[in-house]
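Protein chains: 2
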Amino acid sequence: MTSPSSPLADIPNLLRCETTPREAALAKAAEMTHAVYPHDAVYGQFCTVQDYIDCPPEDVFDYLSDLRNLDEWTYSTRHFEPVPGATDGLHVGWDTLADDTRIYAKVVANRESLTVDYHCAWDQGDELWMIYINRIIPAELVLKKPGSVLVWTNCRHPYYDDNPNKHLVADPNRVWVGDMWPLFYAGHRAELDNLKAILEYRHSRGIPVTGHVVREGVSA
Amino acid sequence: MTSPSSPLADIPNLLRCETTPREAALAKAAEMTHAVYPHDAVYGQFCTVQDYIDCPPEDVFDYLSDLRNLDEWTYSTRHFEPVPGATDGLHVGWDTLADDTRIYAKVVANRESLTVDYHCAWDQGDELWMIYINRIIPAELVLKKPGSVLVWTNCRHPYYDDNPNKHLVADPNRVWVGDMWPLFYAGHRAELDNLKAILEYRHSRGIPVTGHVVREGVSA
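These protein sequences, in sequence, are chains A and B. Position 172 (the first sequence) corresponds to 172 in this note's numbering; numbering is contiguous. Position 38 (the second sequence) corresponds to 1038 in this note's numbering; numbering is contiguous.
Each hint should be verified, as a subset may be incorrect.
As the list claims (entries may be wrong) - The calculated lysine-lysine pairs, modelled on DSSO-like cross-linking and capped at a C-alpha distance of 27 Å, are:
| no. | chain 1 | residue 1 | chain 2 | residue 2 |
| --- | --- | --- | --- | --- |
| 1 | A | LYS166 | B | LYS1106 |
| 2 | B | LYS1028 | A | LYS145 |
| 3 | B | LYS1106 | B | LYS1166 |
| 4 | B | LYS1028 | A | LYS196 |
By construction, these hints were calculated from the structure, which means they are not laboratory data.
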């Protein structure tokens, strides 16, 4: 039992072996486990997708760290170019999910921990609030085989529900990125499929994974 | 259209705006989106849980980086002590999910990227294959409020399905950690609830989050 003098004694509802025996804990876990889970419970506030990619972690890191490659593996973001005069790596491109829509982005990456995040926003680059959190994990460690596991999370920032920069949008009928939040699981799943297909195609053939982007035209 | 000379032209099934118009892509996304998802589709191969914690990222990092704190917030791992003579930070404790079971663990953390991983194994410390991948994200960035988002992923290593070290287990009827994989979502969800409750309790009261562990006895 947790003794009355324990620093945890006043914190309600903890599930610990001192206060909940093994059989009771397993029963509770079974009760929490369901055959199916509602969309909102899994993808409502945080949208995480993950997969195994048969390509070395360092190559996945290099590929993801270069914004130009988004032209290849995302559905809709295209043609990122450095913002003139920007000193923090800010780029601007097009998001063809909507007409005449600029997307600003910078990469924040850490080679040691294999994290690669895109800090983005539609219409303006002063507050980059759409953040694509990516982490590459060496599959040798976690799945005992070569390659990578990629875990990609987006969090439901309040701006998805209410765009504070409506004054920057010329067309009041333009779709807002946040209106598509319910489709983010599907969209990100499809883009992760793209990424996996491209990286595995090249790695399996000994083709360098980066340096292939062809600018095929942009929506303006 | 993706031109025949594109380096992507030979890779099948990519979903890109050049080859799938916006309306068709949104229709496909809608088709991929369901009211409910089966347990195995969401938690079968990778088990990710995540939540908001009203506690600063640096404090969450400090708390998670100290293995002794597992005594407080996990259901069953207790009393980690350094393995005598180990030079890589290897610790050994008890996992009360099973009788007479040692768990070996070391922390691999990166303060800059706020990653804190536990590399663990039951029964032996030579191959640490159970890896708890944790990443702390400043909530100010992704949810526009103070505090942290924690994303925690486990990958289904093949040893979960087949223990290669059965010879180290005295009791052939002892439960194997991998037999509980279907309950990992529930177990980790409950432990993340513990972690959130403990950190929020202390942070909201101005109590330092670390340094409270009381060793209440161990299973042996």
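**OP:** Check each numbered hint against the structure and report the violated ones by number, ascending.
**Re:** 1, 2
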